[in-house]
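Dock chains B and C against the given chain A, drawing on the hints supplied.
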Amino acid sequence: MKDLVIDREEDPGNKTSQRTDVSTSRTILNVRHLDIGFGDKHVIQDVNLAMPTGSIVSLIGPTGSGKTTFLRSVNRLNDKVSGFWTKGSINLLDQEVLSKEIDLLELRRQVGMLFQRPNPFPMSIKDNVLAGIKAHKMAPRAAYKEIVQDALEKVGLWKAVYDRLDDSPFRLSGGQQQLLCLARSLAVQPKVLLLDEPTSALDPISVEAVENLFSKLVPEITFIVVTHSLAQAKRISDYTMFFFDGKLMESGVTSEIFENPQMPETQFYISGRIG
Amino acid sequence: MATSVVEDALANSPDDHGKFIPAKLGRWSPITVISALSTCVPLLVLIGILTILFKKAYPAIKYNGGGFLIGRNWRPGNFYANPVTTNGVQHPLLASYGALPLIIGTLESSVIALIFAIPLSVGAAVIVAKKLHPRLRGFVGAFLELLAGIPSVVFGLWGALTLGPLLSRDIYPVIASHAPNIFILKYFRGSTGAGEGLLTSSLILGIMIIPIIASTTRDLIAQVPRLAEEGAFALGMTEWEVTRKVTFPWISAGVIGATVLGFARALGETMAVAMVSGVVLGSYPTNIYGTFTTIAATIVSQLDSALTDATGLAVETLAEAALILMLITLLANVGARLLVRRVASTSLPIGRGV
Amino acid sequence: MSQDTSRHSGNRKLINLAVIVLCSIALVLVIAPSIWIVLQVIIRALPHFSWSVITQNGVGLGGGLKNEIVGTATITTGVMVVAGSIGILSGIYLSQFAKGRTAVILRSSSEVLAGIPSIVIGYIGYTALVVGLHWGFSLGAGLLTLSAMVVPYIAKTTEVALRQVPTAYIEGAEALGFKPTRILTRISLKTALPGIATGLIVALAISIGETAPLLYTAGYSQNLPKLALTHSPLGYLTYAVWTFYNQPTVAAQRLSFDAAMLLVIFVLALIAISRLIVAFTQRHSEAKR
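Residue numbers (full-length UniProt numbering), protein chains in the order written: chain A, 1 to 275; chain B, 1 to 354; chain C, 1 to 289.
The set of hints was computed from the structure by calculation and includes no laboratory data. Misleading hints may appear alongside valid ones.
Unchecked claim - Calculated lysine-lysine pairs in the DSBU-like style (CA-CA distance at most 35 Å, straight line):
(1) B:Lys-131 / A:Lys-191
(2) B:Lys-131 / A:Lys-137
(3) C:Lys-179 / C:Lys-99
(4) C:Lys-13 / A:Lys-134
(5) B:Lys-130 / A:Lys-87
Unchecked claim - Across the chosen pairs, the derived CB separations fall in these ranges:
(6) B:Lys-131 / A:Lys-137: 23 to 29 Å
(7) C:Ser-24 / A:Asp-163: 41 to 47 Å
(8) C:Arg-283 / B:Ile-115: 40 to 46 Å
(9) A:Ser-215 / C:Asn-11: 35 to 41 Å
Said to hold, decoys possible - Non-contacting residues of chain A with respect to chain C, defined by C-beta distances greater than 12 Å in every case (computed):
(10) Gly-132
(11) His-136
(12) Arg-164
(13) Ala-209
If you're wondering where the values come from, they're calculated on a predicted model, not measured in any experiment. Cβ atoms here follow ideal geometry from the backbone N, Cα and C, with glycine treated the same way.
Just chain A, same shape as in the assembly (with noise of 0.2 Å):
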């Protein structure tokens, strides 16, 4: 198991605990005096944390505490939103992720995303897979039967699928529209996926399946998840961090978090007395 490497800020102005530690696996996204906000509304205030390459880290906090707009930051998707604003920096795959000059574009082809609603496009499944390849000019036309086959096996949905390519996705269950979408943001061989409540809208058979596919597909990938269930959080991931009112407030290993925590918050919210 690797172990977490987190600088330790000394602050003690600033309540949160990390956990420092021993070794040095490599960290693909380094957070630096991160600040968040959307006009008036300061969103995120000061976060520092870092995640190791290769694992599954689940953000955690009760709603409002930031977590889904400090992982839709990472892939530069609230840029749109009116009022945004942002300090501090955000260092993934070493590349600062804030700065203007970044390719948006390539960046969100290294990094995936996975909403909470299942969202194919209105193409046929096999479109579907194919429409990031397309867009970045990924592979030439020969290659696409193959490219769509890979995909889906890895997802688990080819045998479900293979003989209707050229269905439309909407014919398909909720659960299986997710790995469609999954397959989908595979086929551009991200380095890092972030998902945003992937499993909320399924029924616990289709979690099942989702959650199965995280840990095969690590270390190749590695997955930050967004999640209101605490216990998909001790079920699928390494790391856990808990976000509170756009702090961050404890992270480290798992299951140091949820039998150990440290501070009052975190116990509080793990133990459901908030929530």
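Same frame as chain A, now just chains B and C:
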């Protein structure tokens, strides 16, 4: 003109939004009865129109025969000689009507109008719905409403006295001198006229139908769920790629519907065309700038003189022309609804984007 | 598979920019004609405009537009009354009571009627009313013909407006023990009023601007309208534009532009009014952003 296709969808939606049970009101209460009677009025008027039109056109149909659809000479005949009777229909001597130039004129002016209107309308709608500041959207909307509200005769006035002469003097000659003598482009050569003609009329028709297409497209774009487009952005697509791959397919049914409705409107447009076409019966324009006519323009400009035909054939022939026009526009309107339904059912989740 | 995808990014962004530029041009081209027409009409009409245009009746190929103005006002008022009542009642019926096949037939016939070219309706008006019923060119013929054209719009907008009344409002009223008639008037109609009003304004704009349905039904006269329903030809503004624009005298052409200017001013006023209505009624609305 038709109200927005989006409103259509709302009106035809199966839920009982805003409804309450008639039993509570009483089947025969005054409100129910009066409103029911009122609702029958359009139906009765429609039946009346069809009946009268058929009755009036019948003698002309009998006399003009199939030649009406393929003939091109519009000859009311000799009003001063004694009337003659053929096939049981009384008519002036040597009367012979052919409506092909009218039919072709109607269709080609409307098609060219669409060619102008569609790219401009869709392009403008995309910018307004996606990139314009919300405050400005209402502003642009006002211009669309203005364009839709300007009376057709005012368009004709502007076309005949301002736009037409400007185009014929300054723009058309430039095009005409550079157009190569091949294929379709050869119709852009030749004499550019004095302000009336096919191209100018089609241009004005195009301007007149822009509001329908543009405002419907704009409303439809605004209704595409954000989640669908965000998925495409998250995958790393540019705005144009997202628009092409997600937005357009989502709204395609509705846009097609609006386009065909615009087409139907152009087919029936009367006054503006009458004022800018030159209303020339019995011949075809030799190039795209030439004078021509449409069915509607013909009826409006010929009805006066048709009334002087004592046998009534001239008026009856106009009725026949009106019948043809009605059929064409009916086909277009029905076609719009069928197309919308068909496209919507094959590619999209039901209920989205009309 | 090529991992060198970033080299395409530049191209794709360029294409994106090009599309934005093209669409912006399209927007300008869409807005421009309306501005041009309004300006053109005002520029040609205003310099020679005098109050006599409004106060004087037409005389031959000159004079004023008073008869036309009053004519338009008369016809339009009549149309709003006739088509307005029939249309609103029809909208009420279609949204509240109609179901199944009958509803579909009635609604479709209304839509088909809306799609019939105005000249065809004018022709029928002439055949049926002016000649058939021997009304001659008359206020009655013009009024009924134009109403037939406009009823479908009013019916449609009324129906849509009523359908959009949230079921929650109605259920709330029922729970309070409101009688059905009261629900209809106090809740449904009141909520739907802005939509209905907008529909009426659209119908008003159409009535003012139409020519073809009136040409052969209302006839023409240079006197003020007789308040009779038959044998009462009358003038109207659009007629002035149509008839005078290509006359050889300058006075006639000026009248044509004067009439066009008045029409355009009316349309602008109607647009402003409908905006005001929407703004006023949405001040408490939950849909306000």
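Now for the hints, and whether the structure bears them out:
Simply put, B:Lys-131 and A:Lys-191 have alpha-carbon atoms about 31 Å apart, close enough for the 35 Å limit, and the pair holds. Between B:Lys-131 and A:Lys-137 the CA atoms are separated by roughly 26 Å; this keeps the pair inside 35 Å, and the hint holds. Taken as a hint, the C:Lys-179 and C:Lys-99 pair is honoured in the structure, with Cα atoms around 22 Å apart against an allowance of 35 Å. Restraint check: the Cα-Cα separation between C:Lys-13 and A:Lys-134 comes to about 15 Å, which is no more than 35 Å; the hinted pair holds.
This hinted pair checks out: B:Lys-130 and A:Lys-87 have alpha carbons roughly 27 Å apart, not beyond 35 Å. Restraint check, B:Lys-131 to A:Lys-137: a C-beta distance of roughly 25 Å satisfies the suggested window 23 to 29 Å. The hinted window of 41 to 47 Å between C:Ser-24 and A:Asp-163 holds, with their beta carbons roughly 46 Å apart. For the pair C:Arg-283 and B:Ile-115, the beta carbons lie near 44 Å from each other, so the given range of 40 to 46 Å is met.
Against the hinted window of 35 to 41 Å, the Cβ-Cβ separation of A:Ser-215 and C:Asn-11 comes to about 38 Å, which satisfies the hint. Not every Cβ of chain C is farther than 12 Å from the Cβ of A:Gly-132; the closest lies at roughly 10 Å, contradicting the non-interface assignment. The claim that A:His-136 is not at the interface with chain C is violated, since a C-beta of that chain comes within 12 Å of its own (minimum 4 Å). Consistency note on A:Arg-164: stated as away from chain C, and its beta-carbon is indeed over 12 Å from all of that chain's, at 25 Å minimum.
Listed as outside the interface, A:Ala-209 is consistent with that label: its C-beta sits roughly 26 Å from the nearest C-beta of chain C, beyond the 12 Å cut-off.
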